[in-house]
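These protein sequences, in sequence, are chains A and B.
For the first sequence, our numbering assigns the number 1 to the initial residue and increments by one for each residue that follows.
For the second sequence, our numbering assigns the number 1 to the initial residue and increments by one for each residue that follows.
Think of the hints as simulated: they come from the structure by calculation, not from any bench.
Owing to the predicted nature of the structure, the values given are computational and were not obtained by experimental measurement.
Misleading hints may appear alongside valid ones.
[Stated by the list, open to error] Sample of chain A residues at the chain B side, in silico, Cβ under 7 Å:
hint, residue
1, Gly18
2, Gly19
3, Pro153
4, Tyr160
5, Tyr200
6, Glu219
7, Thr223
8, Ile241
9, Ser244
Where a beta carbon is used, it is the ideal one built from N, C-alpha and C, also for glycine.
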Amino acid sequence: MTRDHHQRVIWTIGGGKGGSGKSFITTNIGICLSKLGSRVILIDADLGGANLHTFLGLLPPITSLSDFIKKRVPHLKDALIHTGVPNLQLLTGAQDLLNAADAKSAQKRKLLRSIKSLESDYILVDLGGGNALSVLDFFLMSDGGILVVTPEPTSIENTYRFLKSAFYRRLRQAVSSYSAKSLIDEAMDQKNEAGIRSPYELLREVRRINEEDALKMVEEAATFRPNLILNQVRSKKDIEIGFSIRSACQKYFGIQLHYLGYIVYDQDVGNSIRKRRPLVLENYRSKAAQCVSEIASRLANSHRMNPGI
Amino acid sequence: MKRMEEQTYYEILEVSPDAGLKEIQRAYDHARETFHADSLAIYSLFSEEEMRKIQAAIEEAYRVLMDEALRRSYDQSHSHLIERSSREEQVEKPVKSSEIRSDLSFTELSLETGEITYRGRSLKQLREKLGIDLKAVSAETKINMKTLELIEEEDLDHLPAMVYLKGFLKAYARALNLDPQKLIEGYFQLLQEKGKK
């Protein structure tokens with residue numbers, strides 16, 4: 001499967017919490033897509049601990065994004081690392097820019113433009129579990145944001161926190177008036193003085209001060225469609241949690257979450273990570289590898305995904 | 001982005017306005033499971049008061065939509081809203097319970113929970129669990145009640161001839177959204193085991 005220059009797709013993998021499997025999923029989905037014949041670039045932007053190279057069995061890379069930013073290499077493509085897997089390349093060091101408090105938004109936009117200009121069919125960005133504004137922006141600017149959740153209260157709580165931050169940030173970018181932006185900023189604090197506890201209450205308050213902005217918020221909610229992968233499921237009941245999360249998001253945020261798939265709990269995953277051999281290469285027949293493969297196929301046939309999340 | 005108070009009963013249960021009883025029942029079961037106090041999926045999201053509101057709305061939506069007369073009256077009094085939501089759903093690809101099943105098609109089998117083979121009695125148990133009346137199955141499949149009862153009771157001596165039985169099982173499986181081939185295979189295995197027909 002090949003795509004021309006303009007059909008490149010960028011997916012960001014974020015939310016949840018550390019240990020929910022984002023790096024494992026990013027690496028293995030990337031490999032599955034590359035095995036389908038697509039050119040794939042993995043970008044490591046995990047603020048908490050960038051180590052996609054370890055998942056690929058590589059030594060810490062010598063070249064990284066910093067080399068491009070500091071102009072040690074002329075083009076971003078020169079900072080890419082060959083992974084040993086055909087069609088699959090790796091870019092590390094993106095976390096440095098996302099983490100930098102003084103990184104200007106113009107610089108981030110430039111980076112995104114450079115990333116979008118890379119010759120590839122798919123670009124998968126591992127954002128880690130962070131909640132920083134630059135991480136949220138990256139999540140929102142991609143073609144599809146993917147949340148990875150495990151069926152545990154801590155993971156689900158963190159995911160909702162991330163989703164709420166991303167959703168409110170998107171709404172903030174959509175509205176025009178200063179008063180509406182201020183109100184959204186205030187609503188980010190759960191104990192805000194205005195007493196806004198949910199997106200609906202926020203919408204109600206915005207409508208009071210600016211009807212046009214309220215309409216924009218409704219339009220944004222209708223097009224905001226993040227994706228969900230449920231990882232480490234151990235039972236059919238666990239699988240159902242993904243559908244329940246989707247329903248809960250519909251009721252709470254008024255958004256349509258796309259349940260992309262689930263990955264069963266499988267000891268082969270831990271074994272493959274310890275061996276530093278990606279599961280889909282090490283043990284393609286394992287249950288978790290089959291689940292990852294199915295999700296990758298769904299992404300490849302991404303007609304169900306809504307561009308712009 | 002509508003508040004609960006603004007949503008139609010169909011939107012509350014996440015079904016299309018032309019959903020059948022079976023689909024509504026399944027959506028209701030899913031909604032009850034999701035918005036239960038101990039549900040993991042709602043953790044940290046709703047206050048107790050919001051939960052009570054949602055649960056009350058789900059119960060009311062279910063009560064009305066499962067009653068033919070009440071539903072008809074509701075549809076008439078809310079026709080404008082329901083039509084509108086129907087159009088929106090076409091655009092937005094709504095969540096339908098049928099999508100839930102299709103999404104579970106592959107990896108469900110890879111879980112070590114054991115493959116369920118539906119035969120007569122287990123079929124009846126599943127139907128009852130889904131809250132589907134045998135009359136509803138009869139109406140949908142055009143199979144008479146007596147025959148359906150014979151199938152469920154595994155009354156091998158009085159079952160119709162194999163050639164008809166196969167068609168009946170196929171229709172019954174579809175009515176419950178099961179894989180027809182699996183039901184037929186399971187049922188015929190039962191026949192072989194019992195050495196009949």
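Status of each hint after checking the structure:
1. Gly18: violated, 18 Å
2. Gly19: Status violated, d = 17 Å.
3. Pro153: holds, 5 Å
4. Tyr160: holds, 6 Å
5. Tyr200: Status holds, d = 5 Å.
6. Glu219: violated, 9 Å
7. Thr223: Because about 10 Å separates A:Thr223 from the closest Cβ in chain B, which is outside the 7 Å limit, the hint is violated.
8. Ile241: With a closest approach of 5 Å, the A:Ile241 hint holds.
9. Ser244: holds, 3 Å
Checked against the numbered hints given earlier, the structure breaks hints 1, 2, 6, 7 and satisfies all the rest.
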